[in-house]
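Undergrad: Sequence:
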Amino acid sequence: MDMRRLVGRNFGRIRRAKGLTQEQVEELSGHSQQYLSSLECGRRNPTVVTLFELAQALGVSHMELLQPDAVDDSPDFDPDRKAAKPRSRKVVKR
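Position 9 of the sequence shown, counting from 1, maps to 9 under the numbering used here, and the rest follow consecutively.
Because the hints were derived from the structure by calculation, they are not lab data.
Each hint should be verified, as a subset may be incorrect.
[What the hints assert, rightly or not] Computed list of lysine to any residue pairs in SDA-like fashion (alpha-carbon distance at most 25 Å, straight line):
(1) LYS18 / ASP69
(2) LYS18 / PHE52
(3) LYS18 / GLU53
(4) LYS18 / LEU51
Let the sequences and hints guide you as you build the complete structure.
TA: Here is the structure:
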């Protein structure tokens with residue numbers, strides 16, 4: 001699981017559910033709109049302090065930004081099973 005992508009998805013989902021724009025969260029949190037955009041895209045690795053500040057700006061617990069969701073980034077993830085399928089081994093002939 002890529003934590004950067006998970007936090008970004010959770011942040012974006014919560015922000016949209018609250019009806020907030022990135023610009024409004026910028027004003028509430030002090031983090032730039034560019035930073036927030038990169039965060040939502042999974043390109044930022046926020047510190048614990050940043051997670052706390054962003055959660056406060058959204059009016060949620062910082063733990064909500066870390067909650068696993070139904071989407072897993074691993075290539076073997078099957079959302080119907082909610083678990084990773086075993087990886088198959090590829091045989092390379094020489």
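Undergrad: Would you mind marking each hint as holding or not holding in the structure?
TA: How the hints compare with the structure:
Simply put, LYS18 and ASP69 have alpha-carbon atoms about 18 Å apart, close enough for the 25 Å limit, and the pair holds. Between LYS18 and PHE52, the direct Cα distance comes to roughly 17 Å. Compliance with the 25 Å bound is thereby established for this hinted pair. Distance restraint check for LYS18 and GLU53: the Cα-Cα separation of roughly 16 Å lies within the 25 Å cut-off, and the hinted pair is therefore satisfied. The straight-line distance between the Cα atoms of LYS18 and LEU51 is roughly 17 Å, inside the 25 Å bound, and the hint therefore holds.
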